[in-house]
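K.L.:
Using the sequences plus the hints, can you model the full thing?
Residue numbers (UniProt numbering), protein chains in the order written: chain A, 1 to 337; chain B, 1 to 337.
Treat the hints loosely; a few may be bogus.
Just so you know, same-sequence chains aren't split out, so a pair can sit in one copy or run between any two.
[What the hints assert, rightly or not] List of simulated lysine-lysine pairs, DSS-like, C-alpha gap at most 27 angstroms: (1) Lys97 x Lys262; (2) Lys148 x Lys291; (3) Lys148 x Lys204; (4) Lys260 x Lys239; (5) Lys260 x Lys204; (6) Lys48 x Lys239; (7) Lys328 x Lys260; (8) Lys7 x Lys172; (9) Lys172 x Lys204; (10) Lys336 x Lys55; (11) Lys262 x Lys239; (12) Lys328 x Lys88; (13) Lys336 x Lys114; (14) Lys262 x Lys63.
Keep in mind that the hints were calculated from the coordinates and are not lab data.
Residue-level listing of the chains:
Protein chains: 2
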Amino acid sequence: MKAVGFKTSLPINETTSFIEFETEIPQPLGRELLIRIEAVSVNPIDYKIRQNSAKETVLATPKIIGWDAAGIVEAIGSEVTLFGVGDKVYYAGDLNKQGSNAAYQVINERIVGKKPVSLSMEEAAVMPLTGVTAWEILFDRIRIHPEKDKGKTLLIIGGAGGVGSIAIQLAKELAGLTVIATASRPETIAWCEEQGADVVVNHKDLVNEVRNAGFEYVDFIVDFASTNLYWDSMVELIKPQGHIASITGSNEPVQLNLLKTKSVSFSWELMYTRSMFETDDMIEQHHILNKMSELFDAGVLKSTLNKTLVGLTADNFKEAHRLLESGKTIGKIAIKY
Amino acid sequence: MKAVGFKTSLPINETTSFIEFETEIPQPLGRELLIRIEAVSVNPIDYKIRQNSAKETVLATPKIIGWDAAGIVEAIGSEVTLFGVGDKVYYAGDLNKQGSNAAYQVINERIVGKKPVSLSMEEAAVMPLTGVTAWEILFDRIRIHPEKDKGKTLLIIGGAGGVGSIAIQLAKELAGLTVIATASRPETIAWCEEQGADVVVNHKDLVNEVRNAGFEYVDFIVDFASTNLYWDSMVELIKPQGHIASITGSNEPVQLNLLKTKSVSFSWELMYTRSMFETDDMIEQHHILNKMSELFDAGVLKSTLNKTLVGLTADNFKEAHRLLESGKTIGKIAIKY
Chain A
1 MKAVGFKTSL PINETTSFIE FETEIPQPLG RELLIRIEAV SVNPIDYKIR
51 QNSAKETVLA TPKIIGWDAA GIVEAIGSEV TLFGVGDKVY YAGDLNKQGS
101 NAAYQVINER IVGKKPVSLS MEEAAVMPLT GVTAWEILFD RIRIHPEKDK
151 GKTLLIIGGA GGVGSIAIQL AKELAGLTVI ATASRPETIA WCEEQGADVV
201 VNHKDLVNEV RNAGFEYVDF IVDFASTNLY WDSMVELIKP QGHIASITGS
251 NEPVQLNLLK TKSVSFSWEL MYTRSMFETD DMIEQHHILN KMSELFDAGV
301 LKSTLNKTLV GLTADNFKEA HRLLESGKTI GKIAIKY
Chain B
1 MKAVGFKTSL PINETTSFIE FETEIPQPLG RELLIRIEAV SVNPIDYKIR
51 QNSAKETVLA TPKIIGWDAA GIVEAIGSEV TLFGVGDKVY YAGDLNKQGS
101 NAAYQVINER IVGKKPVSLS MEEAAVMPLT GVTAWEILFD RIRIHPEKDK
151 GKTLLIIGGA GGVGSIAIQL AKELAGLTVI ATASRPETIA WCEEQGADVV
201 VNHKDLVNEV RNAGFEYVDF IVDFASTNLY WDSMVELIKP QGHIASITGS
251 NEPVQLNLLK TKSVSFSWEL MYTRSMFETD DMIEQHHILN KMSELFDAGV
301 LKSTLNKTLV GLTADNFKEA HRLLESGKTI GKIAIKY
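P.N.:
Listed below in structure tokens is the structure:
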């Protein structure tokens, strides 16, 4: 099968930062599905792994990354119960396994969902990683309760990115929260409003921006930009007994103590935790993707696809990574095979 | 009225570390109750405030601390609706207000509960601060669900102290958790077992102790000893998607990032947050104390009283603080007036 990968970590503008090559089609075992991939997406985790996983080394066989895809079940392992051959599916995948930047991929059925019927393959392919991340951070980490928490306030730092965009939709449509999103350019502000944000504020001078918008404190904060950079602002803005959650990681140690007087909670969200540790509730990602599928088909949620490149080529992955590394992407980028 | 307080922060063995004095009986306003106090308890927050609130200064009038009491409603403010004169009550109080080391105290009715009928004044007086803290950390911060989380594992670091003791009881009796508590001396180990701990382990070499007891990971950890000291052990022992909570505060910045791969949550609990910020749900402490009252009277919970001193005297507060500062107290100390 055709695949795109890399043998060494290189800046994206280098000729061989991505290369095309041929490799064997993998075989599905146990609960695995073999998927013929029709479209994929890219996420920041992709370029972080490309930049760091083969530093000062040259791999014998190229590494295939990419963890966001839509396609068709081509074959199934002997223990598969949730899907059959020919089913259209979408999924984010498992960091410990081969990625989706290839014509085929095997994937455990417990982290695969039914593709939304109303979305094209590329519209569906951009949703699993960001959708599951946003769902888990709101409903599994912060544990926002759709009825009890209705009307509470959520600040989303980084509203126009992939996770931010679908988080705005989920928070508005499923939880009935008042959503304050950060964005700073006219086109990102407009995008956040399109996703349903009630208020859009600039991330610079965040505390005053939020206060000037009429909110002294917010009940919940999700950070998709930088835990270290926004720590003091989050400490200031979070309501007593509030909950902060982030996907970014913190390079520097954190003054956790600053949250104590307010009895605040903090959660990390990593959508790979369930698959990486094969947790007992790993199948929850199957359920989340199916629930989101129904919500797309009911018109409650909409795909955050904003740019499509066509062809499983090294050039397209270079272009997609280059755009993502600029930090200015709005919504999501798809590569349709 | 008679009161015990201090004008300057002194080591507990100094003659004037606590002094007796006379002051006016306060008047209840609005939703306040005037309580004739019959018994109080001491908690670590007491000596922390005694040691630090009047350093290198001498106050004009002595400061009255103490936030754990049981007594009788003597008079009520004009807006009181929950209690009447003559009611027997118990409460922890409000850090921003005068404490309970006095014959009388005014207290907002929203943080006062009905005293358990089956407990003596001193048995009741030792329960509010630790009971509300343990209740909030388990059910409001970690949000342990009595049905859904039944059978999950909880590690309590510091099982024999005031909060640890009642936390063991609540986790066993209300949530049906498997409770692993830390203790290191024969008498503290026995005490933890009496409270209902399933397993008692030594806090030294904590990771191996817990693993040797048959638990690779635990679902929840509550820390009543030291966030900084046990951080690495907690990082190691917490289950993916687990929840850690603490009441201790962290003097040093924390390597929060170590919890990211497992998507772990961390919460601070401070039982004064609700009264300090006068949160919308401040009355929740009234409900918690009433629910605990019913559980005491039903024989589900038992008072953690372990030592009683008699008399509202400076000497008794010196003795109680001295014992508490040793860090070796088991359960709770009461001072009966």
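K.L.:
None of the hints should be skipped; say for each whether it holds.
P.N.:
Right, here's what the structure says about each hint:
1. Taking CA atoms no more than 27 angstroms apart as the test, Lys97 paired with Lys262 passes between copies only; the shortest distance there is 18 angstroms, against 41 angstroms inside one copy.
2. Within a single copy, Lys148 and Lys291 get their C-alpha atoms as close as 20 angstroms, and across copies as close as 21 angstroms, so both meet the 27 angstroms cut-off.
3. In this homomeric assembly, Lys148 and Lys204 never come within 27 angstroms of each other (Cα to Cα): the closest approach is 32 angstroms inside a single copy and 42 angstroms across copies.
4. Taking CA atoms no more than 27 angstroms apart as the test, Lys260 paired with Lys239 passes in both settings, with 12 angstroms inside one copy and 23 angstroms between copies.
5. In this homomeric assembly, Lys260 and Lys204 come within 27 angstroms of each other (Cα to Cα) both inside a single copy, at 25 angstroms, and across copies, at 26 angstroms.
6. When the C-alpha separation of Lys48 and Lys239 is checked against a cutoff of 27 angstroms, the pair qualifies only between copies, where the shortest distance is 26 angstroms, while the shortest distance within a copy is 33 angstroms.
7. With identical chains, the CA atoms of Lys328 and Lys260 are at most 27 angstroms apart between copies only, with a shortest distance of 25 angstroms across copies and 35 angstroms within one.
8. Proximity of Lys7 to Lys172 under the C-alpha cut-off of 27 angstroms is found in neither arrangement, the shortest distances being 43 angstroms within a copy and 54 angstroms between copies.
9. Proximity of Lys172 to Lys204 under the C-alpha cut-off of 27 angstroms is restricted to the intra-copy arrangement: shortest distance 24 angstroms within a copy versus 48 angstroms between copies.
10. For the identical chains of this complex, Lys336 and Lys55 are neighbours neither inside a copy (29 angstroms) nor across copies (69 angstroms), given an alpha-carbon limit of 27 angstroms.
11. In this assembly of identical chains, the alpha carbons of Lys262 and Lys239 lie at most 27 angstroms apart whether taken from the same copy (7 angstroms) or from different copies (26 angstroms).
12. In this assembly of identical chains, the alpha carbons of Lys328 and Lys88 never lie at most 27 angstroms apart, being 31 angstroms within a copy and 63 angstroms across copies at closest.
13. Taking identical chains as interchangeable, the C-alpha atoms of Lys336 and Lys114 lie at most 27 angstroms apart only when both belong to the same chain, with a minimum of 18 angstroms there against 66 angstroms between chains.
14. For the identical chains of this complex, Lys262 and Lys63 are inter-copy neighbours only, at 24 angstroms across copies versus 46 angstroms inside a copy, given an alpha-carbon limit of 27 angstroms.
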